[in-house]
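Given the coordinates of chain A, assemble chain B onto it according to the supplied hints.
Chains as they are written, first to last, in my numbering: chain A, 268 to 380; chain B, 13 to 129.
FYI, nobody ran anything at the bench for these hints, they're computed from the structure. Take the hints with a grain of salt, since some may be wrong.
Which chain B residues stay away from chain A? Per the calculated CB distances, all over 12 Å, these [as the list claims (entries may be wrong)]:
1. 34
2. 40
3. 73
4. 79
Straight-line alpha carbon distances no greater than 30 Å define the calculated DSSO-like cross-link-like pairs of lysine-lysine that follow [to be verified]:
5. 49/B x 276/A
6. 311/A x 80/B
7. 276/A x 116/B
Cβ coordinates follow ideal geometry from the N, Cα and C atoms, glycine included.
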Amino acid sequence: NAGVTQTPKFRILKIGQSMTLQCTQDMNHNYMYWYRQDPGMGLKLIYYSVGAGITDKGEVPNGYNVSRSTTEDFPLRLELAAPSQTSVYFCASSGTGVGNTIYFGEGSWLTVV
Amino acid sequence: DQQVKQNSPSLSVQEGRISILNCDYTNSMFDYFLWYKKYPAEGPTFLISISSIKDKNEDGRFTVFLNKSAKHLSLHIVPSQPGDSAVYFCAASAANAGGTSYGKLTFGQGTILTVHP
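The following block holds chain A by itself, in its conformation from the complex:
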C-alpha cells in the first residue's frame, strides 16, 4: 500500500536552477497539500488543492508553483531556486471533511547551494 509517494528523496540544486518535486497518492483523496519544514521548526503550508484544477496559496507560497491536472498528482515547482528554499518538503493528502486523516509522504530533502 503506497499511500503518498514523493520523488526525489534528496536533491542538490544550484542557485537559479529550477526543479519539480513530484507527489502522487493512490487513496483517491480530493485534498492535497505541500508543506515545508525548516530545521527546528514546524511544518508550514506552501500550497493546497481541493481537487483537480483547483489550487490555492498557503502560508509561504512565494517562489513556488503548483498544478493539479489529476486527482492523483500534485507536483510542486521551484523556479529560480534560492538558498532560503533549502528545506524538507512534505506532500500530504486527505479525504474531504473534518476528521479525515491527513497522510504525509516521507519527505524530499532539498539543498540549494
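Frame of chain A; chain B shown alone:
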C-alpha cells in the same frame, strides 16, 4: 507570529512512566487539533485528534486534553515505551471556518521525546 507553540524542545522519560507533551495556541478560530509523531527521515504520522466541542479524547495509551479557556492542549502517553521516542508535533486548524480549511494545518515546532529503557 507563532500561533501554535510547543515550549518544550525536548522531554526525557523513563519507560513505563507517563509522558506529557504540551501545546499552546493563540488563534481563537482554531477548532480542531491534532498530534503527529515523526521519526527521523520519515513523514509525520497521525496519532490522535480532538475537536473543540470535546475536552478529552482517548485512544489506547494516548489521551489528548483540551482546555479552550486557556488555549492549551496536552498529549499524555501512558505507559511510555522506548518505541515512542520521536518528535511530536501539535497542529491546529480552523476546520469549520470554511469547507477547505480542515487540512490547512498550523504546526508547533515539535518536542523531541526520548523514552529510556
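Results of checking the hints against the structure:
1. 34: At about 14 Å from chain A, residue 34/B clears the 12 Å cut-off, so the statement holds.
2. 40: holds (18 Å)
3. 73: Correct as stated: the minimum Cβ-Cβ distance to chain A is 19 Å, above 12 Å.
4. 79: Label holds. Min Cβ-Cβ 20 Å, cutoff 12 Å.
5. 49/B x 276/A: holds (20 Å)
6. 311/A x 80/B: holds (24 Å)
7. 276/A x 116/B: Distance ~24 Å between residue 276/A and residue 116/B Cα, so the pair holds.
Checked against the numbered hints given earlier, the structure satisfies every one of them.
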